[in-house]
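J.: One-letter residues, chain by chain:
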Amino acid sequence: MPGAFLPSEYLAILMLLLVGIAFGVITLWIGRYFRVQRPYFEKLVAYESGNPPTEAPRMRFSVKFYTIAILFIVFDVEAIFLYPWALVYDKLGMFALVEMFIFIILLLVGFIYAWKKGNLQWDK
Amino acid sequence: MIPVTWYLALSIILFSIGMYGFLTRRNVIIMFLCIELMLNAANLNFVAFSHYLTDLHGQVMTFFIIAVAAAEAAIGLGIVLALFRNRRTVYSDEINQLRG
Amino acid sequence: MNTFSPFTLSSLSFLGPELVLLSVGILLIVVDLFFENRLLLPWLTAAGTLVSLVLLFNSPSGIVFGYMYVVDAYSVFFKMVCLVGVLFTVLLSERYLTTEKLRHGEYYSLLVFSTVGMMAMVSGGDLIVVYLGLELMALSVYCLVGLLKQDSRSNEASLKYFLMGAFSTGLLLYGISLIYGLTGTTDLSMLSQRVVSLDLINNHAFLVGLGLVLVAFCFKVAAAPFHMWAPDVYEGAPSSITAFMAVAPKAAAFAVLGRVLIMGFADVHIHWGPIIAFLAVLTMAIGNIAAIAQKSLKRMLAYSSIAHAGYALLGILAGNNEGLSATMNYLFIYAFMNMGAFAILILLCDNKRRGEQLDDYRGLAKTNPLVAALMLVFLFSLVGLPPTAGFIGKFYLLVAAIHAGYIVTVVAAMIFSVISAYYYLRVVRYMYFENAVQETAAVSISPGMTAALVLAMIGMIGMATFPGPILSFAGKSLIGF
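Protein chains in written order, with numbering that gives the first Met the number 0: chain B, 0 to 123; chain V, 0 to 99; chain F, 0 to 480.
Keep in mind the hints are simulated off the structure, nothing from the lab.
Among these hints, one or two may not hold up.
[Stated by the list, open to error] Lysine-lysine pairs mimicking BS3-like chemistry, simulated, CA-CA at most 30 Å apart:
id: 1; chain 1: B; residue 1: 63; chain 2: F; residue 2: 100
id: 2; chain 1: B; residue 1: 115; chain 2: F; residue 2: 100
id: 3; chain 1: F; residue 1: 148; chain 2: B; residue 2: 63
id: 4; chain 1: B; residue 1: 116; chain 2: F; residue 2: 100
id: 5; chain 1: B; residue 1: 116; chain 2: B; residue 2: 63
Sequences are here, hints too, so could you generate the full structure?
T.: Right, dumping it as structure tokens:
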């Protein structure tokens, strides 16, 4: 039933959002008429913690970051299965323990594979 | 409690954006991101229904979808990398050696 | 829903074949990493497959893990088809991998893991398990297709397959989520009850969900109009993997399609029946007509595999046990004839030529009469000419579809069958009535290849002369359905 539901609890969040946006827009807009504008080269240079920038910010990353990131994602996400397992562990008992061991061993084989193939080494 | 229709509306919007993007974009990485959007639309549906029906199966499904999507992402990026090393392109209309 | 099913360690005994294969897969990785002798790997894989096959017929049947995993005769049949497919692939790959300089370790372990995925898929009593099996299979096969890392055609095939596969997975999941939301379950047997009890047969959202699931499986079995990835992928993949993909993953996808449609959505047959009928005709039309224009045998066999998916759909379409058992029988026969044809293709692949072009077959009968004769048998069977096994398979499919009342579809199937004779027999003409355009090298036969060819021939002859046992096995496996 669309329309039958009015999320009144969320109204405050909506108000805050609108006020926040309005505050930012209005102050910047009014500020334009009062502030002094005197741009010169050093002011317009990208801010890199005080150091003078050395190269374009859109530089290419080494592909090695990719492989490490891929490995991280895979092993990181597999850990979600540990949480529901831990919650029901005492109800399932021995079976769950064996299953989780199988799971961890499978992950371990994957880890050894990545290691042995040299994917964990930065410069091979 | 927010009615389930709101979640459904959001998920169908996500799904449509994903599908539209997959069919129109030509950068394979973006096509791949669009697929992820479709998967997450399904995830949203599962979680919403699971809450609505007070049945845990939907959440279990979401768990698995997230884990498998991570593996899928890894493999997809690996394939794109292998292709890029040989062809130096990620645009699907330039990947056209096989046809007929 | 909140009660725990009695999970015990003894439920693992139902998973014997899968566990054996899984261990073999892991063992393969470890052996590849720590030992130098790579020649051992194909035989290790073959042995593991055989042990799994033996265990398959000796493990108990039942429903385990809270209706998640169904070990019935239906799943045993399809597991048999998949294992036979993987066994053939291993035998074909033994020499081919060295020719193509492929990495052995990853190849065999991925092959084994994809088979485990298929077995989980065909045993899935719950859509969650079906999805997981499907993904395990698909992810492994994406890698296998792209395993020729230096070959940009293989890269391209793998990317196309990946994008299409992932897209179809997205559709499948969204469809499942809608079905789950409306019925409140992902358990297939419960689904069919809920569809009736909640009166969902004409519910639009439910039909959208069912439609998305159907589309996703049509992607997987490469049924038109969702076949467009197949020719490219089949052409770009390593030949042994093409042979594998045309047999095992396709059989597994058909198994799931049959189980989901006939076990889960039998009461909605009025809606999906006509759709499948239309898709079957379209698939046969596109597969057979596009195959005529091909210059590459590999690509021609890819289109032929699309056409054969169309024939196999005829059995699903009937929506009853007779049809389904005809499809099962056909897929089993197809495994042998397709593997045979690909064995010849791989046999002719050496450093100089790839054995993929039709021109490579000109005058083959003069240089290699035995190879040409074998190819002749496999091609005749693919056409479905009367004394061969292919005819038996097609015959039962058509009979089932006629009994179900789809006369027009059957007539179309027969017309396209006749059209298909043109391009299969063209290869025969090249082999027997033309002269070789180039000097052909002597064919070197390896032990694996010999075994594969002998196995294919035995299977073909066996099923042509005694079709009874397999057919009754297929029919019997449906009783508990």
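J.: Determine which of the earlier numbered hints do not hold for this structure and return their numbers in increasing order.
T.: Of the numbered hints given earlier, the structure breaks none, since each of them holds.
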